[in-house]
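Asks: Residue numbering for the sequence shown follows the numbering used here, starting at 3 and increasing by one per position.
If you are wondering where the hints come from, they were derived from the structure by calculation, not from laboratory data.
Mixed in with the good hints, there may be bad ones.
[Claimed, not checked] Below, simulated DSS-like cross-link-like pairs (lysine-lysine); rule was C-alpha separation at most 27 Å, straight line:
#, residue 1, residue 2
1, K75, K86
2, K111, K5
3, K75, K5
[Said to hold, decoys possible] Estimated spans, in silico, between C-beta atoms of each pair:
#, residue 1, residue 2, range
4, S46, K111, 14 to 22 Å
5, H44, D85, 40 to 48 Å
6, K111, N39, 16 to 24 Å
7, N42, K86, 33 to 41 Å
8, T79, H29, 29 to 37 Å
9, D85, E61, 26 to 34 Å
From the three backbone atoms N, C-alpha and C, an ideal C-beta is built for every residue, glycine too.
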Amino acid sequence: MNKQEILDVLDMSEEGQASWLCSYIYHNKKGEEYWHNFLNRHISLADLAFRLRDAVNPEVYCGTLILAYQNWKERITRDQPKDKLVAFDCWILVYMTPIDMIVAALIAKVT
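Produce the complete structure using the sequences and hints provided.
Replies: Laid out in structure tokens, this is it:
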């Protein structure tokens with residue numbers, strides 16, 4: 003899976019994202035303990051996101067998180083009034099979701 007294919011997950015509905023994540027885990031990550039724990043409901047989606055984030059190079063992760071932010075910005079300008087736009091640091095505090103973190107961490111792994 004390349005960077006753009008992973009980034010496209012952010013354009014999916016929440017149901018589509020959940021389906022993609024389960025499929026991705028099943029096909030690609032069966033052996034890794036935190037993926038296994040997530041599938042067996044031992045950890046939450048947010049915990050999975052933080053574990054993935056911690057497993058990649060922080061500098062690369064920050065760069066890929068900016069990609070997730072830019073994707074969010076494009077969706078907001080397309081779907082809602084422009085006054086909903088916020089700066090990157092505000093987005094991290096208010097709008098960033100676990101799937102944004104997961105996507106950024108997965109892109110950081112393939113980069």
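Asks: Run every hint past the structure and note whether it holds.
Replies: Do the hints match the structure? See the list:
Between the alpha carbons of K75 and K86 the distance comes to roughly 9 Å, so the proposed pair stays at or under 27 Å and holds. About 9 Å separates the Cα atoms of K111 and K5, which keeps this hinted pair within 27 Å; it holds. With a C-alpha separation of about 18 Å, the suggested pair K75 and K5 falls inside the 27 Å cut-off, and the hint holds. Between S46 and K111 the beta carbon distance is about 21 Å. The supplied range of 14 to 22 Å therefore holds.
Under the hint 40 to 48 Å, the C-beta atoms of H44 and D85, about 41 Å apart, fit the expected range. Taken as a hint, the range 16 to 24 Å holds for the pair K111 and N39, whose Cβ atoms sit roughly 18 Å apart. Remark: the range hint 33 to 41 Å for N42 to K86 is upheld by a beta-carbon distance near 37 Å. For the hinted restraint 29 to 37 Å between T79 and H29, the CB-CB distance of approximately 34 Å keeps it satisfied.
For the pair D85 and E61, the supplied restraint of 26 to 34 Å holds, since their beta-carbon distance comes to about 32 Å.
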